[in-house]
Amino acid sequence: MSQSAPLFDAIVRIDRLPAGGRSVDVNADEKTCAAIAEAMNILGVERFKAHLSVTPLRGGLRAQGRIEARVIQASVVTFEPVPEDIAEDVDRVFLPAPRGAQAPTPGSEVFIDLDDEDFPDHIDGPEVDLSTLLLETLALALDPYPRREGESLSELEDLLDEPEAGPFAKLAKLKSDKGDKD
68 MSQSAPLFDA IVRIDRLPAG GRSVDVNADE KTCAAIAEAM NILGVERFKA HLSVTPLRGG
128 LRAQGRIEAR VIQASVVTFE PVPEDIAEDV DRVFLPAPRG AQAPTPGSEV FIDLDDEDFP
188 DHIDGPEVDL STLLLETLAL ALDPYPRREG ESLSELEDLL DEPEAGPFAK LAKLKSDKGD
248 KD
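According to my numbering, the stretch in the sequence shown is residues 68 to 249, in order.
No wet-lab data here; the hints were simulated from the structure. These numbers come from a predicted model, not from an experiment. Using N, Cα and C, we set each Cβ at its ideal position, and we do this for glycine too. Any given hint could turn out to be false.
Just the calculated beta-carbon pair ranges, DEER-fashion [stated by the list, open to error]:
1) S120 <-> T99: 13 to 23 angstroms
2) D196 <-> K98: 12 to 22 angstroms
3) D152 <-> D244: 48 to 58 angstroms
4) I78 <-> D158: 13 to 23 angstroms
5) S219 <-> P187: 33 to 43 angstroms
6) D76 <-> A236: 34 to 44 angstroms
7) T99 <-> E147: 19 to 29 angstroms
With the hints as extra help, turn the sequences into a complete structure.
Shown next as structure tokens:
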């Protein structure tokens, strides 16, 4: 999902962020939904909406809100389209990277608590592109094994257990029949 230009505008400048914060709203049009589907490698995105409240926090910012989307993925069993509604909360902190006396010296140990839910993202520069955060949230919310209602992976196992068809299967059968006669 690495692209040079963001798929939609959700850039916030920290140096221009009011003390009371501001809202970032995204309501993707058809073209943007198609670009999101391509970036996610799924069949389609019918709807993508996001609302974030962005507030200043310790020289950085905190983005809180929600994304709502309707996506179409291929079933892992039959490859038929499977619609999925997604509604995910977003809560992320972006802080400036440590500089000068705060920066760890090369080779030193740095303690990072990966269980901490408020683990901040580090930023360089005066702006944060929240489109990346929103696409990441969508990607993590996608069902990794989409199936239509009533489908199960046992159906896929049944298909794999069937004898092969086609010219190579017929050649293999001829070869095994010839081996039986010798």
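Now for the hints, and whether the structure bears them out:
no., hint, in the structure
1, S120 <-> T99: 13 to 23 angstroms, "holds, 22 angstroms"
2, D196 <-> K98: 12 to 22 angstroms, "holds, 19 angstroms"
3, D152 <-> D244: 48 to 58 angstroms, "holds, 54 angstroms"
4, I78 <-> D158: 13 to 23 angstroms, "holds, 19 angstroms"
5, S219 <-> P187: 33 to 43 angstroms, "holds, 42 angstroms"
6, D76 <-> A236: 34 to 44 angstroms, "violated, 54 angstroms"
7, T99 <-> E147: 19 to 29 angstroms, "holds, 26 angstroms"
Figure legend: structure checked against the earlier numbered hints; the only hint not met is number 6.
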